[in-house]
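Generate coordinates for the entire structure from the input sequences, incorporating the hints supplied.
Residue numbers (my numbering), protein chains in the order written: chain A, 1 to 388; chain B, 1 to 388; chain C, 1 to 388; chain D, 1 to 388.
Honestly, I wouldn't trust all of these hints.
Heads up, the list lumps identical chains together, so a pair's fine if it works in one copy or across two of them.
As the list claims (entries may be wrong) - With a straight-line cut-off of 25 Å between C-alpha atoms, the simulated SDA-like cross-links for lysine to any residue are: (1) K380 <-> R246; (2) K269 <-> Q307; (3) K269 <-> S288; (4) K185 <-> P297; (5) K7 <-> Q50; (6) K269 <-> S293; (7) K276 <-> P308; (8) K185 <-> S288; (9) K185 <-> R302; (10) K104 <-> R44; (11) K380 <-> L77; (12) K7 <-> R315; (13) K380 <-> T230; (14) K185 <-> R235; (15) K7 <-> S132; (16) K7 <-> A105; (17) K380 <-> I294; (18) K7 <-> K269; (19) K380 <-> G250; (20) K7 <-> R302; (21) K7 <-> A59; (22) K185 <-> R315.
I should point out that these hints are in silico values taken from the structure, not numbers from a laboratory.
4 protein chains.
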Amino acid sequence: MNPVAAKIRMGFVGGGEGAFIGQAHRQAAGLDGGFELVCGAFSRDAHNNQQTGAALGLAASRCYSDWQGMLDSEAALPAHLRMELLVIVTPNHLHAPIASQALKAGFHVFSEKPAALNLRELLALKQVLEGSDRLYGLAHTYLGYPMVWQAREMVRSGVIGAVRKVLVEYPQGWLSQDVAGQGNKQAGWRDDPEQSGLGGCIGDIGTHAFSLAEFVADQPIEQICAALGTHIAGRQLDDDAAMLLRMAGGASGVLIASQVCAGEENPLKIRLYGDKGGLEWRQEEPASLIHRSIDQPLQVLRSGVGQPWLCEAARQRMRLPAGHPEGYLEAMANLYGDLARAIRDPAPGPDAPGVPGIETGLRGMAFIEAAIANHRGDAKWTALACTQ
Amino acid sequence: MNPVAAKIRMGFVGGGEGAFIGQAHRQAAGLDGGFELVCGAFSRDAHNNQQTGAALGLAASRCYSDWQGMLDSEAALPAHLRMELLVIVTPNHLHAPIASQALKAGFHVFSEKPAALNLRELLALKQVLEGSDRLYGLAHTYLGYPMVWQAREMVRSGVIGAVRKVLVEYPQGWLSQDVAGQGNKQAGWRDDPEQSGLGGCIGDIGTHAFSLAEFVADQPIEQICAALGTHIAGRQLDDDAAMLLRMAGGASGVLIASQVCAGEENPLKIRLYGDKGGLEWRQEEPASLIHRSIDQPLQVLRSGVGQPWLCEAARQRMRLPAGHPEGYLEAMANLYGDLARAIRDPAPGPDAPGVPGIETGLRGMAFIEAAIANHRGDAKWTALACTQ
Amino acid sequence: MNPVAAKIRMGFVGGGEGAFIGQAHRQAAGLDGGFELVCGAFSRDAHNNQQTGAALGLAASRCYSDWQGMLDSEAALPAHLRMELLVIVTPNHLHAPIASQALKAGFHVFSEKPAALNLRELLALKQVLEGSDRLYGLAHTYLGYPMVWQAREMVRSGVIGAVRKVLVEYPQGWLSQDVAGQGNKQAGWRDDPEQSGLGGCIGDIGTHAFSLAEFVADQPIEQICAALGTHIAGRQLDDDAAMLLRMAGGASGVLIASQVCAGEENPLKIRLYGDKGGLEWRQEEPASLIHRSIDQPLQVLRSGVGQPWLCEAARQRMRLPAGHPEGYLEAMANLYGDLARAIRDPAPGPDAPGVPGIETGLRGMAFIEAAIANHRGDAKWTALACTQ
Amino acid sequence: MNPVAAKIRMGFVGGGEGAFIGQAHRQAAGLDGGFELVCGAFSRDAHNNQQTGAALGLAASRCYSDWQGMLDSEAALPAHLRMELLVIVTPNHLHAPIASQALKAGFHVFSEKPAALNLRELLALKQVLEGSDRLYGLAHTYLGYPMVWQAREMVRSGVIGAVRKVLVEYPQGWLSQDVAGQGNKQAGWRDDPEQSGLGGCIGDIGTHAFSLAEFVADQPIEQICAALGTHIAGRQLDDDAAMLLRMAGGASGVLIASQVCAGEENPLKIRLYGDKGGLEWRQEEPASLIHRSIDQPLQVLRSGVGQPWLCEAARQRMRLPAGHPEGYLEAMANLYGDLARAIRDPAPGPDAPGVPGIETGLRGMAFIEAAIANHRGDAKWTALACTQ
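Here is the structure:
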């Protein structure tokens, strides 16, 4: 008889009432089923913090007024009670400081992206992580979609041949107007370099497009040539970016990320073309992967349990038969599932397989810094640098 | 300060390892976040039962070998520990017997559809329910989708005018071959009248199409003219149905439900046309509701938090901003959420608002019986009867 | 050296200014390139008639005030000058009388559908045709689309196995309002049984759906069970129809044709399912043929010169490389092209291969009469009869 | 009574059997109905030339062995017989020399794009045109689509506000392999700089994307930053291009044109975003124009006679009711129709309204030269120059 499975005890920093992404994390973890919320420091606003904790069924004693206190108090609890995993869903500037302290205090960390505010801070976090035996994951949710793994596998196994072109785009419209000026809290801190980092759109969604491109094409982007834009008076950071790409494997590409594409929702999309065929995936219709070929009709591979032509990595990330839509929360729940397996692994490695980690964070930060440098300078091409 | 929210204690009958729908229920309840699994009788196979319970973190004492024992034992526990809600995910023939016993033992019930094997049994269950103060919900998951509610609201408020035509279709392909003969367990019991009832496809998915049509058109189907079919040698029940409809409000319609539409996944779809316009919704792309009009261009209403043109009922059933796909589990989680609110309601009514209940079950049973009677008889039209 | 090709001399009855379908015929013939307009009796309105002729470059002497005069005068011209082919684009009640006279006078005929007002008249026309050596074609334009031929070929060659289900639908919206009452000329005569025949929607577009189903499924529809409707006060003929189908090869089906599906344009669509797979084609996106299969991913076959996987019949009906849309006029031009080849064929048969003819007209008329009889009667099923 | 309309007498250089584009021009002109083919020099291959002429019904005397002879002989014919319009469908390097001679000899010209091999040659042609009273049109077929005009009108009238972003892409796949090496004639001359000019993909389809962007955005592109690529050993010209754009009105953009996007057909696509909304049009589905807005649901405007919300310019370019697809040949026929009206205009201007002319050619040539210069040089941005 198997032993009774114990859920992983999870705490949150951030994610008080009204914060979209914190709620999404809790829903995804709930969907996965392997986690139990045991504590939180949800908001700097004491009322919101208590309110959120109570609504989530936490005793007042596990609802902390600040994250430092939470780390200390939880570390002092008996091993079978204390938090095992800290989920960080604060504004960007707190990601690295909290993650570092949590790792040092012996907790696994799952952090919203970006990993840090800048490359320097990120390299420091990396050093902490290298001296730790804890796991660190980064919530690049789009890398949790099964058909993204299917696409990567088809690239790797040569189905489309040598990759020549990568076209990735992420056009959103929600910053077409001055929403920060109109009181949108998320738009507010995202435009404050102190809280958000140097990149606006380029950091917020450009990094998703970037990571998706490197992940699926299975080769790093080496050089970029970028144009950034800012379209609202008083806005401090970029709200729009486009760039040409040169990749390590010889492919060229285009990356578009914008938050002023009025009326667009969230259509992150990637297309890859090799000498034998092409692939296309679009986040708003995540169950379909289009496969074009030079010598046969277009195929649409569909997500869904029981499709024998899908790869193992894709199949592990599905719950339902084809035609029963799975979406964003399911993709995030896949990251949580991989995290749970890694935490419970009796012989864990330094990474949680399947979960984007510090290297993904590092690549994304190099991307942001290169984009800004290229935009500001005169050179046509700028190389991505993961060291200082 | 709000009191700490207590999760609703939930038990399962059925849903052992390998059973798709039980797992979906647990994932949906987890996604909602308002429930805690406390007990189960997951499988008649003792090993599977124990295995499932252990994997779900249940102590062996709350993992029961049969549902009767579970009802008795749980009823004997102190109120603050015992199960509050029983989820029934067994083959069809057990739905009504278990539900009746559970209601009598003082538990709320959430049952997979159909509510019963036949009209007689269903009316008996209804009588039990009427003598109870417990809630009864039926897992018509497709009625949990936000854009289904949006469509219904647009019909009700006259956006498309008086409804003239309702076209609903549910073409699946998974029974195109003799999958039961090939060992598919779900196909197996579904084709056994003792376990499944008189309807095959007509009961399994025809009732979904039927309920969706009545729900969105906001008027009952009164008469049908049906042709059923069975396409595999040795198959006992229908695997295909098509019928003409006459509705109470004067609309006519067509209902197609089939499980031999080779290659189709799960594209339940409804179209309605009134004298001012039309609506179209398709389950495989659930975030989009197409609105056609006689005097303006086609519109696509999209699901997503923050779209001011959506109705309140739709908005309550969304979690994420537009463009972040929500799917089948989210729709089911919406039913769980409504159930949780109704259970915690200090002044509960007989129904859980928003959750399909015994009336939906009754209509569906009348539909199955009318379809079979019409198919077998000579009359062109057969009226639906909810009484015997 | 090849001899210089002479264009086929063509005359029109009907198709004066303001008449949509006459203009479409001239554009399609022009696109084909094998025809030359030499005469016409375009309108009973003398001014419109002269105006149309002049605009089309006809000398006044070849612009006739009535079709009888035209037939007489043209027959009296020297063989190398006189009309060879008569195109009939009048209201329905004139189709058969004109066609009969034209055949008798030695002209080939290409007629708008329906071939006649009723079965009796149609059988009389058939007799005339059997005594003639002239060709007779019927403008079932949708049968000119290349991917319709591709679908038929895939059915014939067994790609989807034995056909079990045929779902054909043709929902239009243009009669949702009382457009005849508002002065729409086309809606006007179409609702007059004297000019239109007994069928309204069932004749106007139901026959297109019917012919497409028989053509692609490659088997006759034997029995139908129908419900017709009329939705506007004062409207004489049906504006809506739905029916269940039984086909000769054992397939069952559903046919929907309606002109009160408010907001719909012209989405004639057919789906067929066999024991190995299914096909789907939609007139509004005519270049794509969806092929579903029980054992491989969905494929989309696309129209376009140079796709080696398309059948010969489809390839002959394309002009442009894939991705350069061809549409309705190209489909009609395909009928004209087949007609031209048959007319110039030194050893012509009784039919123009590839062009729907009197048999298609006969089947369509049997369909209309069966639909009306079934709708009016009590019997569930009515057989189609092509004889009286 | 109107006078009898006389068709415009048209001659061809190029377009012998096997040449796709020449046939398309004849079909488009035939569809329009205002033209009559009277002469041609279809091929340098004498047999093909005679064969083509005979098949098209030309007397041998009007089928010329070379274009110079044709110009001379036709000019010597009586005015009521001789060619009025010369259509040039040869390889690129002959476009300007033939056009210049034809204009000088008194013929109107409709030329395939590009107008010339390089900017110098183009400016010379422009000078000839300025000294002539003849019309000159350039076959930018995609500018003949009605919904392209609708999009431009919506931009002009401020429906989407001030344009911020223009994303235009034209990914084809037909040069993914070495098709020239495999004997494809069209691929062959297109890769020869002597016949094709300096641009490969950038000239062949990049100019279509460029012209579409300037036309719809209604503002010139001023600067570009480009990366070109060549992917087949031995291929001389670029087969792939991507670039960042800066436009005169302050918009930024991205242009992608590639012929190595394996499996892609012809999905030229443009998206524009302003501060109030966005537009999207895709050539493979040309009847639909998507309109996104910051404050209402997405709309799909559909091409089709009788849609009152479409602009006059769009309505003039439609033939059929909505839902009856019109495509590439219809778009080209729209250019022919505009050309016919301009030629018959009793008070003609220097341009044919609605037909792209020498200025469009000039812009396209400046684009090609700037793209190549930028690609080869070190500067990040290169300005487009229409003068030398």
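Hints versus structure:
1. In this assembly of identical chains, K380 and R246 lie within 25 Å of each other by CA distance both inside one copy and across copies; the values are 12 Å within and 15 Å between.
2. Taking identical chains as interchangeable, the C-alpha atoms of K269 and Q307 lie at most 25 Å apart whether they share a chain (23 Å) or sit on different chains (23 Å).
3. Taking the shortest Cα distances, K269 and S288 sit within 25 Å of each other both inside one copy (12 Å) and across copies (18 Å).
4. Proximity of K185 to P297 under the C-alpha cut-off of 25 Å is restricted to the inter-copy arrangement: shortest distance 24 Å between copies versus 48 Å within a copy.
5. In this homomeric assembly, K7 and Q50 come within 25 Å of each other (Cα to Cα) both inside a single copy, at 24 Å, and across copies, at 17 Å.
6. Within a single copy, K269 and S293 get their C-alpha atoms as close as 19 Å, and across copies as close as 21 Å, so both meet the 25 Å cut-off.
7. For the identical chains of this complex, K276 and P308 are neighbours both inside a copy (22 Å) and across copies (16 Å), given an alpha-carbon limit of 25 Å.
8. Proximity of K185 to S288 under the C-alpha cut-off of 25 Å is found in neither arrangement, the shortest distances being 34 Å within a copy and 28 Å between copies.
9. Taking the closest pair of Cα atoms, K185 and R302 come within 25 Å of each other only across two copies (23 Å); inside a single copy the shortest separation is 37 Å, beyond that limit.
10. Taking the closest pair of Cα atoms, K104 and R44 come within 25 Å of each other only inside a single copy of the chain (23 Å); across copies the shortest separation is 48 Å, beyond that limit.
11. For a Cα distance limit of 25 Å, the shortest separation of K380 from L77 qualifies neither inside one copy, at 56 Å, nor across copies, at 59 Å.
12. In the homo-oligomer, the alpha carbons of K7 and R315 lie at most 25 Å apart inside one protomer (24 Å), although the nearest pairing across protomers, at 32 Å, exceeds that limit.
13. Proximity of K380 and T230 under a CA criterion of 25 Å is satisfied in both settings, with 20 Å inside one chain copy and 20 Å between copies.
14. Only within a single protomer do K185 and R235 lie at most 25 Å apart by alpha-carbon distance; the minimum there is 14 Å, versus 54 Å between protomers.
15. Taking CA atoms no more than 25 Å apart as the test, K7 paired with S132 passes inside one copy only; the shortest distance there is 23 Å, against 36 Å between copies.
16. Taking identical chains as interchangeable, the C-alpha atoms of K7 and A105 lie at most 25 Å apart only when both belong to the same chain, with a minimum of 20 Å there against 30 Å between chains.
17. Taking identical chains as interchangeable, the C-alpha atoms of K380 and I294 are never at most 25 Å apart, the minima being 34 Å within one chain and 35 Å between chains.
18. Neither within a single protomer nor between protomers do K7 and K269 lie at most 25 Å apart by alpha-carbon distance, with minima of 35 Å and 39 Å respectively.
19. For a Cα distance limit of 25 Å, the shortest separation of K380 from G250 qualifies both inside one copy, at 18 Å, and across copies, at 21 Å.
20. Taking the shortest Cα distances, K7 and R302 never come within 25 Å of each other, neither inside one copy (32 Å) nor across copies (36 Å).
21. In this assembly of identical chains, K7 and A59 lie within 25 Å of each other by CA distance both inside one copy and across copies; the values are 18 Å within and 13 Å between.
22. In this assembly of identical chains, K185 and R315 lie within 25 Å of each other by CA distance solely across copies; the values are 20 Å between and 38 Å within a copy.
Checked against the numbered hints given earlier, the structure breaks hints 8, 11, 17, 18, 20 and satisfies all the rest.
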